[in-house]
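Participant: Listed below are the residues making up each chain.
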Amino acid sequence: MSGMPGHTGGAVLTADEPSAAGTASAGDCSIVTRGLTKRFQGGQVAVNSLDLAVPRGSVFGFLGPNGSGKTTTIRMLLGLVAPTSGSWELLGTPMPAGVSGVLPRVGALVEGPAFYPYLSGEANLRRYDAAGPSADPRTAGMRIGLALERVGLAAAARKRYRAYSLGMRQRLAIAATLLGPRELLILDEPTNGLDPQGTREVRGLVKEIAAEGTTVFVSSHLLAEVEHMCSHVAVMRTGRLVAQGPIAEFRELRAGEAVRIRVESPDTAEAAAVLAALGLDEIRLGDAEVSAELGAEAPERICAALVADGVAVRGLAVQRPSLEDVFVGLTGKGFDVDG
Amino acid sequence: MSTVSGEPITRRGAGRGAGEDVNGDVGGAADGDTGVGAAADRSAGVGGAADGDTGVGAAADGGAGVGAGIVGAGAVRTAGGVRTVSPARVMGAPRAWLRLLGSEVGLTFRRPRNIVMLAVLALVPVLIGIALRTFGGPGGGGGGTAIFEQVTGNGLFLTFVALSLLVQLLLPVSVAVVAGDSVAGEAGIGTLRYLLVAPAGRTRLLAVKYANVVVFCLAAVTVVALSSLLVGLMLFPAGPITLLSGGTISLLEGVLRIGLVVLYVTAGMAALAAVSMALSTLTEVAIGAVAGTVVLVIVAQVLGAFPQLSALQPYLLTSWWNGFDGVLRDPVATGEMGQGLLAFAAYVVVFGSVAWARFTSKDITC
Ligand SMILES: Nc1ncnc2c1ncn2[C@@H]1O[C@H](COP(=O)(O)OP(=O)(O)OP(=O)(O)O)[C@@H](O)[C@H]1O
Ligand SMILES: [Mg+2]
Numbered sequence: 001m002s003g004m005p006g007h008t009g010g011a012v013l014t015a016d017e018p019s020a021a022g023t024a025s026a027g028d029c030s031i032v033t034r035g036l037t038k039r040f041q042g043g044q045v046a047v048n049s050l051d052l053a054v055p056r057g058s059v060f061g062f063l064g065p066n067g068s069g070k071t072t073t074i075r076m077l078l079g080l081v082a083p084t085s086g087s088w089e090l091l092g093t094p095m096p097a098g099v100s101g102v103l104p105r106v107g108a109l110v111e112g113p114a115f116y117p118y119l120s121g122e123a124n125l126r127r128y129d130a131a132g133p134s135a136d137p138r139t140a141g142m143r144i145g146l147a148l149e150r151v152g153l154a155a156a157a158r159k160r161y162r163a164y165s166l167g168m169r170q171r172l173a174i175a176a177t178l179l180g181p182r183e184l185l186i187l188d189e190p191t192n193g194l195d196p197q198g199t200r201e202v203r204g205l206v207k208e209i210a211a212e213g214t215t216v217f218v219s220s221h222l223l224a225e226v227e228h229m230c231s232h233v234a235v236m237r238t239g240r241l242v243a244q245g246p247i248a249e250f251r252e253l254r255a256g257e258a259v260r261i262r263v264e265s266p267d268t269a270e271a272a273a274v275l276a277a278l279g280l281d282e283i284r285l286g287d288a289e290v291s292a293e294l295g296a297e298a299p300e301r302i303c304a305a306l307v308a309d310g311v312a313v314r315g316l317a318v319q320r321p322s323l324e325d326v327f328v329g330l331t332g333k334g335f336d337v338d339g
Numbered sequence: 340m341s342t343v344s345g346e347p348i349t350r351r352g353a354g355r356g357a358g359e360d361v362n363g364d365v366g367g368a369a370d371g372d373t374g375v376g377a378a379a380d381r382s383a384g385v386g387g388a389a390d391g392d393t394g395v396g397a398a399a400d401g402g403a404g405v406g407a408g409i410v411g412a413g414a415v416r417t418a419g420g421v422r423t424v425s426p427a428r429v430m431g432a433p434r435a436w437l438r439l440l441g442s443e444v445g446l447t448f449r450r451p452r453n454i455v456m457l458a459v460l461a462l463v464p465v466l467i468g469i470a471l472r473t474f475g476g477p478g479g480g481g482g483g484t485a486i487f488e489q490v491t492g493n494g495l496f497l498t499f500v501a502l503s504l505l506v507q508l509l510l511p512v513s514v515a516v517v518a519g520d521s522v523a524g525e526a527g528i529g530t531l532r533y534l535l536v537a538p539a540g541r542t543r544l545l546a547v548k549y550a551n552v553v554v555f556c557l558a559a560v561t562v563v564a565l566s567s568l569l570v571g572l573m574l575f576p577a578g579p580i581t582l583l584s585g586g587t588i589s590l591l592e593g594v595l596r597i598g599l600v601v602l603y604v605t606a607g608m609a610a611l612a613a614v615s616m617a618l619s620t621l622t623e624v625a626i627g628a629v630a631g632t633v634v635l636v637i638v639a640q641v642l643g644a645f646p647q648l649s650a651l652q653p654y655l656l657t658s659w660w661n662g663f664d665g666v667l668r669d670p671v672a673t674g675e676m677g678q679g680l681l682a683f684a685a686y687v688v689v690f691g692s693v694a695w696a697r698f699t700s701k702d703i704t705c
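Residue numbers (my numbering), protein chains in the order written: chain A, 1 to 339; chain B, 340 to 705.
Next up, chain A with everything else stripped away, as it sits in the complex (with noise of 0.2 Å):
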């Protein structure tokens, strides 16, 4: 069962099962926040009692519809808009309260990159280090340039930030959170505005750095991204947490959701029959298309059946319910914006 102590929120925890983040033991978390609620001026509640519980060493991807608070709460984590209740634990030190000491092992995007037009890429980057109290200005011209290169923007380093273009932007912005040895990035939305390649290009980078061993919270909406470069996952939906765990723990939610094979071919009824005569249930015909439960049977004799009977196979795929349809299901509407 979920709650048992020291175990650091492995389990999927839905809206309707008791929450388990409240006795993680901090040492292993990265992030750890108790109730943490934020009510805005106007008394729109954009977080409603977070308890989160980010391991150590994890890639966190922290996935909610627009407006469901996850800016909002990458703000509280960092000390930028006080919660108005709750709690939290950055790197094992309980906030705000520490936020000199946590805050330059950690680095942060919130909500897209911000940075002064009239000054070049590098001499932003040296704003933001000079910010900190505890960057060494010895070592500050090598650390921008590794952080430019990593981030691939080494050739444009001289470039005024106002004739970047969005990509560059954002790259410029991820650049600033590697400025020195991080535990913990924070990376709200950090693909937005990249190229195919540069969104690749991130989630390398995002591999990598977790590799070193540092901790990587991640918000996205992008189901598919948080699918290739997250080891854990939690969904938000209109400032609450319906779900959290291991994304292993998420892929076994939907294995009990059926498998279902899908036949393009032009003789959908002779197709249908075929599927009928293998014992498949819930055959649907679609448009140059029939679909069915996979049940036990092996694909590679469906193949051969429909061949056999002389029906045109255009193709053929196994579908699996994807994690879209899992966080559909938790997230209710779907991806829609909520009040």
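Keep in mind that the hints were calculated from the coordinates and are not lab data. Treat the numbers as computed from the prediction; the structure is a model and nothing was measured. The C-beta atom is built at its ideal place from N, Cα and C for all residues, glycine as well. Be aware that one or more of the hints could be misleading.
[As the list claims (entries may be wrong)] Facing chain B, from chain A, some residues (calculated, C-beta under 8 Å):
| no. | residue |
| --- | --- |
| 1 | A108 |
| 2 | S134 |
| 3 | C303 |
[Stated by the list, open to error] Using C-beta positions, here's what the derived DEER-type ranges look like:
| no. | chain 1 | residue 1 | chain 2 | residue 2 | range |
| --- | --- | --- | --- | --- | --- |
| 4 | A | P137 | B | L508 | 36 to 46 Å |
| 5 | A | E149 | B | L590 | 56 to 66 Å |
| 6 | A | A163 | B | V455 | 15 to 25 Å |
| 7 | B | L508 | A | A163 | 34 to 44 Å |
| 8 | A | T139 | B | A650 | 53 to 63 Å |
| 9 | B | A630 | A | T139 | 36 to 46 Å |
| 10 | B | G441 | A | R158 | 17 to 27 Å |
Fit chain B with the ligands to the known structure of chain A by using the hints.
Facilitator: Just chain B with the ligands, lined up with the frame of chain A:
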């Protein structure tokens, strides 16, 4: 519902050790902070409470600084026992402050808008000098003051003329632009959140930003003084100066006394800057804070112009800006300037506190 897989996390090690090291550094760094941070913290609750906020932002600054500072000051506890902290580490804090101030100052003086403003401030004394040279003093209808008439006799007086003219509006406007923009401008373009995440520390950032604005005030006043000194000496005769009180002083001493005036006017502008920064913490629209400051200056000047409201005069910032005539007496008459400096200090304390209470408790949502 589902089973627990308490997935052990093993990829740690190096990162953690490094982190502890950083922590030690921070302890030292936070140390210099404690004076301001700790003192600041207590009233943070008050400021925060007044705002209807929980005051967490404020606590974010001081609390950690104090806790870490106690460790950093003497020794850092490590696995191997207690090791003393080298002076260089303890010195880290002031150095980090200086680095941030350097960054602020660099940003201010590299910004094209500010360079243009300084250029305009340098140009105006040239225009005044040429006008006086061409048409003589404004004399005639009784508007001409003693100082104006003296310019044509001694170029050094151009500095006094230029400063007393520019201190009415042009200097305050340029100070308002820089100070009003200092917090609101960063909030507006979003850089404020990244500075705070760095973490700059709210109290530290505000203090450094104010120091930077004071540097700008000094630069602006100095530019006016130097420009008028040069133009005055080029266009008009130079020599020993006849004081308002009758005696004379040498040219060199005259220049030294101009230095006093520069400092006095800078203090007056620094007081205005505190007002402007307080407004700057209330908005994310920089132009609002700038315009608000200018409106306040004009309102104060209008109020000061009514003889019926003379009771208000001592409380208006604008009434003291021109109070530097005393340096043209022998010995230097310090009475009015002293009172002026007191008024300036009062403004800095009051509006500095407002800015601080607001900034340390504010939600940064942009
Ligand atoms: N400063 C604010 N004042 C009032 N309400 C706010 C404020 N900031 C955010 N909100 C509200 O809080 C809710 C959560 O916003 P938030 O930005 O955290 O969402 P998000 O999950 O990051 O969305 P997205 O995916 O679009 O970035 C929204 O309903 C939003 O309208
Ligand atoms: Mg967001």
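Participant: Compare the structure with each hint and give your call.
Facilitator: Verification of the hints:
The beta carbon of A108 (chain A) is positioned within 8 Å of a beta carbon in chain B (closest approach about 5 Å), and the interface hint is therefore held. The beta carbon of S134 (chain A) is positioned within 8 Å of a beta carbon in chain B (closest approach about 5 Å), and the interface hint is therefore held. With a least beta-carbon distance of about 34 Å to chain B, the hint placing C303 (chain A) at the interface is violated under the 8 Å criterion. Hint check: P137 (chain A) to L508 (chain B), Cβ distance near 40 Å, so the stated range 36 to 46 Å holds.
Distance hint for E149 (chain A) and L590 (chain B): a CB-CB separation of about 58 Å, consistent with the stated range 56 to 66 Å. Take A163 (chain A) and V455 (chain B): their Cβ atoms lie about 21 Å apart, and the range 15 to 25 Å holds. For L508 (chain B) paired with A163 (chain A), a C-beta distance near 36 Å keeps the hint of 34 to 44 Å intact. For T139 (chain A) and A650 (chain B), the Cβ-Cβ distance of about 60 Å falls inside the hinted range of 53 to 63 Å, so the restraint holds.
The hinted window of 36 to 46 Å between A630 (chain B) and T139 (chain A) holds, with their beta carbons roughly 42 Å apart. Range check, G441 (chain B) to R158 (chain A): Cβ separation about 20 Å, and the 17 to 27 Å hint holds.
Of the numbered hints listed earlier, the single one contradicted by the structure is hint 3.
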